[in-house]
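**Q** The residues making up each chain are set out below.
There are 4 protein chains.
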Amino acid sequence: MNFASDNSGPAHEQIIAAIAAANAGFSPSYGAEDAMSELRAHMRALFEAPAASIHLVATGTAANALALATLAQPWQTIYCTPLAHINCDECQAPEFYTGGSKLTLVGTDDKMTPDALDRAISAAGHGNVHVAQPGPVSLTQVTEMGRLYTLDELQALSGVAAAHGLPVHLDGARFANALVALGCSPAEMTWKAGIDAVSFGGTKNGCIGVEAVIFFNPEAAWEFELRRKRAAHLFSKHRFLSAQMGAYLADDLWLTSARAANAHGARLAQGLGALPDCHFLAEPQANMIFATLPRAAHQRLHAAGARYHLNGGPLETGPEDEPLPMRLVCDWSIEDSEIDRFIGIAQG
Amino acid sequence: MNFASDNSGPAHEQIIAAIAAANAGFSPSYGAEDAMSELRAHMRALFEAPAASIHLVATGTAANALALATLAQPWQTIYCTPLAHINCDECQAPEFYTGGSKLTLVGTDDKMTPDALDRAISAAGHGNVHVAQPGPVSLTQVTEMGRLYTLDELQALSGVAAAHGLPVHLDGARFANALVALGCSPAEMTWKAGIDAVSFGGTKNGCIGVEAVIFFNPEAAWEFELRRKRAAHLFSKHRFLSAQMGAYLADDLWLTSARAANAHGARLAQGLGALPDCHFLAEPQANMIFATLPRAAHQRLHAAGARYHLNGGPLETGPEDEPLPMRLVCDWSIEDSEIDRFIGIAQG
Amino acid sequence: MNFASDNSGPAHEQIIAAIAAANAGFSPSYGAEDAMSELRAHMRALFEAPAASIHLVATGTAANALALATLAQPWQTIYCTPLAHINCDECQAPEFYTGGSKLTLVGTDDKMTPDALDRAISAAGHGNVHVAQPGPVSLTQVTEMGRLYTLDELQALSGVAAAHGLPVHLDGARFANALVALGCSPAEMTWKAGIDAVSFGGTKNGCIGVEAVIFFNPEAAWEFELRRKRAAHLFSKHRFLSAQMGAYLADDLWLTSARAANAHGARLAQGLGALPDCHFLAEPQANMIFATLPRAAHQRLHAAGARYHLNGGPLETGPEDEPLPMRLVCDWSIEDSEIDRFIGIAQG
Amino acid sequence: MNFASDNSGPAHEQIIAAIAAANAGFSPSYGAEDAMSELRAHMRALFEAPAASIHLVATGTAANALALATLAQPWQTIYCTPLAHINCDECQAPEFYTGGSKLTLVGTDDKMTPDALDRAISAAGHGNVHVAQPGPVSLTQVTEMGRLYTLDELQALSGVAAAHGLPVHLDGARFANALVALGCSPAEMTWKAGIDAVSFGGTKNGCIGVEAVIFFNPEAAWEFELRRKRAAHLFSKHRFLSAQMGAYLADDLWLTSARAANAHGARLAQGLGALPDCHFLAEPQANMIFATLPRAAHQRLHAAGARYHLNGGPLETGPEDEPLPMRLVCDWSIEDSEIDRFIGIAQG
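Protein chains in written order, with our numbering: chain A, 657 to 1004; chain B, 657 to 1004; chain C, 657 to 1004; chain D, 657 to 1004.
Where hints are given, some of them may not hold.
Claimed, not checked - Chain B is faced by these chain A residues, among others (derived, beta-carbon under 10 angstroms):
no., residue
1, 678
2, 859
3, 930
None of these hints come from the bench; they were simulated from the model.
Here the structure is a predicted model, which means the values were calculated and not measured.
Cβ atoms here follow ideal geometry from the backbone N, Cα and C, with glycine treated the same way.
Looking at chain A on its own, in the form it has when it is part of the complex:
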């Protein structure tokens, strides 16, 4: 019963197999392998973006921080939500990589509205040398609370950014989960919705460690390459990154895997939703669930070995019926029986 994170789960067998297959003899280093050229062509076709620049790194934080550093100037501020991964979970990697950009927090949770974004940008004092200058907008899809921006919402937010002349970055650590939930195309969820750069996640959806950074305006490509190298994120044996991403996109593995994770999430949500004592903190739309359960239920679950983030506490002492919040993440690999067992124990 492991719902700790989708980075706790295993990689797909196809990913492991692709790594083994890539391990044949000598190969050019640093991204010059043929597989990278093929991958680049594949991803451009997938995104209907023949000129896009495509780069691979091994961690989602690297993808986010390097993409934002390429889009932002050090004296600018980046717009994101208070719960954004770049604000809460990256130990100031964006501040480090940008050379001291600020993050301006928009809204109060995991999603921002166009109005709130417009107010924040308008308040920033563009052209006033004393204050942080407006910089890129960074949106997360799936959000950190497991929710989605609709295509219309993305369009409206990028419209605000464009009206202020600002680029938009999409943190797509769970890009595939969002895509299959929305049922749209990669192009529709990105450049057709006004997105300029994407962190396209693989790690959380069954890879070992690979993320693509995509710029739809290829002018950023060379700067990104230099930033990646001096950040030590350019792999010499790069073939093992392109092999992962190639296998991830082959035969729709990425979509199949995301559908599995989302289906697990839906099953878990349905089961929990039927419990009278369970209250959702955000509408479950992909593979993450934020909800409360009474302390007694948490105690039973922990006793049974369930793993997940308990966001309040203490677990051990307090009223049995006090609701305590939790985060549950469904990896693609979790088994239905585990989900059902979790629900059963939660039910008591």
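Given the structure of chain A, go ahead and fit chains B, C and D onto it with the hints provided.
**A** Positioned in the frame of chain A, the structure of chains B, C and D alone reads:
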């Protein structure tokens, strides 16, 4: 006939197998996996350093730059040779990670002498607020020209550093190649020789992408952890780093592999040394050879598909007997027949 | 009728005279002049801190950013209020100088409470490598809304910081205004209240451009010297900084000047307070007033040439009786007749 | 007998008077004063550059580091000589302000040749992601050894830079001394010679502390403004900078002062040149002299209270006739009698 680099070769089967084996079900993220604890204990025993702090990253540049950033202050200068990887091949990753440290180049090639180091440090103006302050000394073992520092040389250099109160970093991208060439213990080549921090390479010796950073003074550990995280070099699925390093050190794979690479280097050096037109630019002591061959020999080798760094040129035009310099690197996986074929073609 | 800022006013004649007097023949550069030694001794006596380290810079932002960079690590977050000068008015100088520290905003206005500070620090995840680590607390005295922390409030806030092992910085751009308002000693408002480092302002209180940075723990001194030099804030003709600060502190000029500014503030507050249409946004406690006046009053004042920050608008159109917020700052040099004229016009 | 530095001397009376005159009542802050507009117009006319952007800072290091940070990217290297002030005397301010640029040292002393510059740039590996990318060229005029680049030399060097697409910065801490020595116009020594940005010194030639940064391409202006502000180098009471620079340029004070300093230098050089034991280390062309004198002469001079940089030693012990190198700088204010006395004592 690929002598381009030891990062062009494949990984060992045991490394691939270890990755596959590590891919079993759920595992704690970010280095909390049991395999990391076991690895830490193993490496401490190996280095006879029970208190050492051990950290894994995926690239050699990350190991070097993060280790140096932990040892140096932004207003200090790092002492290295003009040919040091940190000076020539990392696109200023050390300057980036340290926040603007300078590199002071000691000597004229790939090795520094204690006298030259002492002069450089003494000239630096310690305590003069207008100039760069003395900072860490960074030595490379095997050097970038394929040579070795003897234990006495290491001791003498670290003695100079210690006399000035400066720490010593060892860039050990080819640590194993140096160790088997010297026939000493890991402790003897590091802390017993006055080394404070080591970039312990795995990638160039048969791993996919893993390097350990070792601090013999564990006070640096927490700062390094924070620096690694905000640099986006902390892997969520860290188990695939510890699995590689675990397999690398198991059953002496690292030593066997390095002995193979060095033996290939010796075979190649012996063959080339017998050619009247071949002149070594540095004494071959491990798996890298710097030498000249006449243009005609290079033309024959290129026509036959040999891959290596030609450090002069042009290849196509000029006197047939003009000596042109080259770098040849022997991967652990290169076959003797390839070496012999290379020598045969070079001979004409 | 200039209430724009206390950096719009002139310097005292004594400051100009001191500069002229310091301009006699040759003098050692970079702070080695005798006047700096004398100043250092004077300030140590003034603060009853014989070991304090004292440094001069020319701008308040330099004092703040360099002091904070000395106290903070790049992976830490600095606690301040949303209205803090370091957050709103320095174009991210703290982020730049610290190498990417974050600012965590405590409270909702210009003052923080011990409870809010404690909650913010406790929430920060000390020891969790994924998040910003707790760093220095920065308080502003006089605050950006013209209010004061009492000595008890300072003590309580520094107590919270100390309980978490964090240092406290005081942005004293208007240090003298606060001191005379509280009627306490420099020591009482700083180290006796738990403050570790002070930006001690001179510029806003009648100097040309000079601020002192004071560390009560002299261990920070050498690092600060190096940070100041590489930031290009060490003056070669430093005698013109020490001359200003020397004259500022001589004959209680700094206190006399601050008393004058505060008395002007009180006169203005009294006059405005008597107007039925004026509403204070913060209790005036020093030389700054935040209040509203009806649009019609602002229109009259602007027509008459009054200068001050109108923080809303538009001035020209809208209901005549709509209250619009303003900031009024009383320089030491403003004349009572100007104040009275302002009140008269505001009254209509 | 003070030849320590031209930053040890006093300011002109006109500079002091201008500061006093600027101290009249209220004035807009942060460079919005009328005097700055007038100065901007004056300097544009002086440089025959109607579109140039003009900015003031208080220190030469700030001028250099901020100008270079505006011209360079963090992954680039700046070309300068080993003796350049930016390399030797600024505690890595350029590395700090650029965010980690490297300095590539061209030549062996205080001047670079076009050939050496071309070789250095050509060797840099433009387009190779592993190495520092070519960035701006920084020339110093007067050089750190008191020599000059002729206009032809400047032209040839900037031609090399232009051929590689690189901008050229001129460190003109002693701009006026060079200008009067060459007898050319400001335009001839700058943009007509291919210079893109200038640090135009005032401090060393009789100001208190003011330097102008000039960009002939005004596109850099806004970025520079932001960099200056976040570096804390934007003065609130900016009128005291524009007053200094205004007085410096009025009535040819800057040229008169530089001519005086150079004449002092020539008188000193002539006197020393007549001594059989004095040997020049560089041809004296402005107000700085690098030469050797026997130890006994230094001993006499020190006993008589002469102040200057003795670049070797020890002074006290060793052969009386051993030549020891020194640097002598003639301030505009030094008196001929002091020069003659120095020569007399040196003569013995």
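**Q** Quick check: which numbered hints come out false for this structure?
**A** Checked against the structure, the only hint that fails is number 3, while the rest are satisfied.
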